[in-house]
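Participant: Take a look at the letters that make up each chain.
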Amino acid sequence: MSFFDTHLLNLVVYLPLLFAALVWMLPGAERGQIRTITFIGMMVDAVFGVWAYLRFDPSGAEFQLEYRTRWLEQLGVSYHIGADGLAISLLLLTVFLGPLVVMASQTYITERVKEFHLALLVLQTVMLGALVSLDVLLFYIFWEAMLIPMYLLVGVWGAEDRQMAAVKFFLYTLAGSLLMLVAIVAIYFISSTPGNRSFDYATIFNNLSTAHSQIAACTGTGGDCSTLPGMAGILYRWGPWLFAAFAIAFAIKVPMWPVHTWLPDAHVQAPVAGSMILAGVMLKMGTFGFWRFAIPFFPSAAHQARPLLATLAVIGIVYGALMCLAQRDIKKLIAYSSVSHLGYCMLGILALTAEGATGSAYQMLNHGVSTGALFLLFGFLYERRHTRLMSDYGGIAKVVPVYTASFLIITFSSVAVPGTNGFVGEFLVLLGTFKSSLGLGFGAFATLGVILGAAYMLWMVQKVFFGPLTHRENQGLTDLNLREFATVAPFLVLVLVMGLMPQPFLDRINPSTERFLQRAELGIPGSQVRPSDVQISVMGLPPAGLAAAPNAPTPGPLADRR
Amino acid sequence: MVPISYYLILAAALFCLGMFGVLIRRNALVVFMCVELMLNAANLTFLAFAKQNGHLTGHVSAFFVIAVAAAEASIGLAIVIAVFRSRGTVSIEEIRTMKH
Amino acid sequence: MDLKQFLLQLRLDPSALWLIIALPLLGAFLCGVFGRMLGRANVYLVACAAVAGSFLLSLSAFLSVSPLEAAQAVTMENAFSSGTIRYAFGYDFGTWFSAGTFRVNFGLMVDHLSGTLLLVITGVGFLIHLYSTSYMSHDDGYWRYFAYLNLFVAAMLTLVLADNLVLLFVGWEGVGMASYLLIGFWYSDTAKAWAGRKAFVTNRIGDFAFLIATFLIVLLVSAFNTQATAANFSMVGGNPEAAQVRYREGLQMKGPVAFQGLETMANALHVTPEKAQGGVNLQTPISEGPLEGRTFGGVLTVALLLFLLGAAGKSAQFPLYVWLPDAMAGPTPVSALIHAATMVTAGVYLFSRMSYLLVLSPTAMVTVAIIGTITSLLAALIAFAQDDIKKVLAYSTVSQLGIMFMGVGMGIFWAAVLHLVTHAFFKACLFLGAGSVMHGNADETDIKKLGGVRHEMKQTWFTFLVATLAITGIVPLSGFFSKDAIYHGIHHNHLHGYEWASSVIYYMGLLIAASTAFYMSRVYLLTFEGKRSPEAKIPHAHESDWRMTTPLWVLAILSVVALFQALPLMPGRGGVMQPVMENFLGPVFSSAERIAARGGEVKLDHSVPSIIDYLKAWLVALAGGAAAGFMYLKFFPSRAGQPAPAFARSVRRFTQNKFYVDEAYEFLVIRPVKNVSAILYKLVDTLLIDTVAVRGTAWVTARLGSALRYVQTGDAQAYAAVMALALLGGAVYALILVMK
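Residue numbers (the working numbering), protein chains in the order written: chain X, 1 to 562; chain G, 563 to 662; chain Y, 663 to 1402.
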């Protein structure tokens, strides 16, 4: 076993932190150096990230590139990371966005440059950490830690109303997260007996799965399930509440209707880097959470809540699209389009069909690429004109042709024209919804988003780029320069590559989908899935360190002493 | 031998006197003395029970309380003097800076 | 080596099919990215060469599927049954995407239908590219223009070459996208840019239906796969059990949306329970999944109706035709290529491609035919009063497409395809002629302000005349034969349960033919005959150069020559001579024929029109033309200066405003959506969620905090009193508990 076998993911996660330390040591006045070091850090991270992605074997074990070591043993916590197909895909997206975000901010950020780049690097580490952590407490730590750099990005480098937006974003998300913390602690106590308690994802899931199959067997017969003995009874009674706690936390992050209103404000006020990361990666943490934690931990509760959640997702799709038609502010429009697109992701997960879930995972990547690129492109325009209102533009296609062409391509990707990446995801999600047991109405309503999507995106394009040049200030706009084009080009390439050759990406997602579906099916009344079919196998804890201190207290879970 | 209930009633009476003093007197010094009264009521209880049970723990506790009371009195009086120097009064009603 | 030998050698390897699409795509890339560096002449060269190369490849593909010697006929392995597909070849370039049981492959296929369309697309496409080099010679955006045009050709070729529904959809949306870009080509004009968006969004409504229909088809296929028994496959040929296994293998290999698979399913689906012998038939309810309880036939009909809505979007049929007249905002060659010859015929192609599914559902067929009739009549009537030469041609296109839909709906597929081809020739010729007129008259499009152009633009005049005669249906031009073949088929085919449709639609068709003759003669007369209008922009028109006239001549010749395809020259069944086109497309529609013959749901007729039929149609066309001649040569000129009666004026205004359909949409759909979104935004999002719920929570918390502030008096004794009271309360509570 070489170093990279065991530590590759660690490397990917902590490289940005290492470079953050480097940046921290630089004097704040050395802006060029700070930018370069950050960029190099992100690039190196991207290289390792791509390597990890390529090393991931679709036909291999569920969690790969695992690493586990002892940490806070008394609490049943261990430092455990590893990636499944979905996590590795999102990881790829995150490391892909990293260097581009730095490039995009080169001229946008002129104040507190050092702090800005520190925030970016730290944010990168915690986002990657949240994706790969296989210990629920570790996940929670990363999850909450994400808020801090993001809060700073919005609150310090944002636009005029940044304080309000940052506080709103922080409190909104925190409210959900705290509920989740309660649920995490509860599930920690429920899932096992004193002495064996653990925060490890696999342990908790495996312990719960037996109880879930008991619940499924009981609800299948239609009997009174509140009298089930042991864990099953507790789960039957409290599962819905715990699921709700998880679901609210993730739904806020997604964001689902009606807890979406932090998003437009945060996006509008955030600097270009903040918007890109927010849209590109952070929103997916919500859908990722549903996929990884909320649904597998509480399949029966999820099954009960499915019609409600799916309804909210469909409302989100149509409502988000309608909101876009009512906007005057370009960034707000793109933000609401995110609500609509993430609605597709949620619907795909809730469809509980292979097509839907795979499409949903793919749509997460697509959304990161296309909406990230939209924010990036608009950021360039904002830098030049410092206005976000559509009415302040108009007819600028003549002045900035390359910019317009890039924006159009991304727009087509966003409205899911076949041949671009958006189509594959949207098609699979909708197909999965039609195939699912949700009913045809959900699919039909969700498909309405296809029409509305074209309507609002092209409306915006029309207002901004076409028609006569109405404002004299726009006459002097300069087209994309080399640096800017180099930032956009990877997105353009990816839009086409992911649209025409989606299979390599889907191959890594598909096995995760299968496993996810089986785990979710465990919650269907009368489900035939046996707990042994869905067990998660991960690496065990490594043997205790040989050089333990002679008078160290004997290790034993603190939780014994309840 | 005096029954323990007598001691306890006396201690309760002393405690109540002290408590009401703390609650209604205006002068900080008087309030202080009332606090001492309450502490001594507690001491009395300790000693009464110690005598009844024949344990030394109660005595130890009483000494402990006396020590604490002495410390508290010295610091408290210092504060009162400091307040008097800055505000020219030791009336509690006048010292209400910790509001809203 | 003589020509025949040479042509026999010219065969395209199936694995090279992708080149047909890739060439224009490469052209689009080169023109779009390096266009300004390359310069004008090079862009012309690249763009035309790309399409010309594609044309040559298409030609060789066409020759491969329709060899000059019968012995060389190609056959293709059918992935879904043990049989082979005659006169076709294809190649599967591997998976595009797959998830769960769903899979889409990059599969391309050429048969006689797509081969014909390949030639039309690349052939007419090349002519229009050539024409454009002159037409766009004064425009600075030439590189953009040719990039879009090449992109369009590539997308259109994808559409016809695709061997499955999803890949077809790529072309379907791709042409929509290219059309959006080209309609809004002169984007600095707000109205033109809006027209592009209108076209795209209207098409998207169709695509919405197309997508849902595709999903229903996927569900239907999977239901069929689970429920079908070996009895179903007895009709597919070979051993039924083996055929079923083969079908399942096919599904795994090529996915549920491949046309071959749909054809096999259509062949295997019984029409009535009596004949099914336990197998699945159209009345069998689906046993599981989201469609549970609904019958196969019912779902199929719904899917086909949704496809109809999709096709209505792309092919500008009622109620989604409104985008096409506005699409005339684009450059005229674009109107000729996209909005007359190729893209708008995609709906006809789609239904011809899926003819085997269509004949399973007479309800869907009659709806297609009725929609076609309504569209055709409506558009013809609107065309009466339009003064913009391109608008008239646009409505005429809508009307002609309606005729094709009538044909498809009534099951006369080959004639619809023939009309598609002839229409591509003469309508492209008309549009290019109109473009030439505009070019020579300082971009004047109002026919009232033209007139007498024939003397100055002889070539344009002559070719326009030929094309006009062709579309009016005058013997012996191709339009006459193709249109009459459709009408004959409509009259003689019968749909089970809708027998009335045959004659009703037939007579409506005659009315449409007369109207067509009228408005086309009107356009022709007002533009080319008579005296030059005093309102003309320039005193004298000038003839266009050879790059514009050559395509006109070629297309005019083609619109005459194409008539041979309708002549009964080929030996058909029972010794009756068959029209060339019917014979040629026979393999494509053989499944539809077989199903129709088997089920009795649809009766397809194969007789050849008699001389009386021809005479009738001819008289109708002549009557329409003569009426126009009388009105515009004698009646109106003689009444010049006199005000028209109020009634006539109001009718004219009503027609000129296109029956206020656009306004109705604005009022019924667009405004409500806009208002609802504005109200939702203000009321629900801003007020209810953000202000009341979110800020409300913050407000309540803040209020509560400041209310509790007053408890904080700063009076230490008050705090102590509260503590004492609480202690007392606790003590009392404890006492009560002890006492109990």
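If you're looking for bench data, these hints aren't it; they were derived computationally from the structure. Just so it is clear, CB atoms sit at the ideal spot from N, CA and C, and this is done for glycine as well. Any given hint might turn out to be false.
[Stated by the list, open to error] Coverage of chain X stretches by chain Y, computed from C-beta distances (three or more under 8 Å per stretch; other residues unrestricted):
1) 26–32
2) 437–447
[As the list claims (entries may be wrong)] A short list of chain G residues far from chain Y (calculated; beta carbon distances all over 12 Å):
3) ILE566
4) MET581
5) PHE582
6) LEU585
7) ALA590
8) VAL593
9) LEU606
10) PHE611
11) THR619
12) GLY620
13) ALA624
14) ALA633
15) GLY650
16) ILE654
17) THR659
[As the list claims (entries may be wrong)] Computed footprint of chain X on chain Y, listed as stretches where at least three residues anywhere in the stretch have a Cβ under 8 Å from a Cβ of chain X:
18) 955–962
19) 1078–1089
20) 1113–1125
Participant: Please write out, lowest number first, the hints stated earlier that are contradicted by the structure.
Facilitator: Violated: hints 1, 4, 5, 6, 7, 8, 16, 17, 18, 19 and 20.
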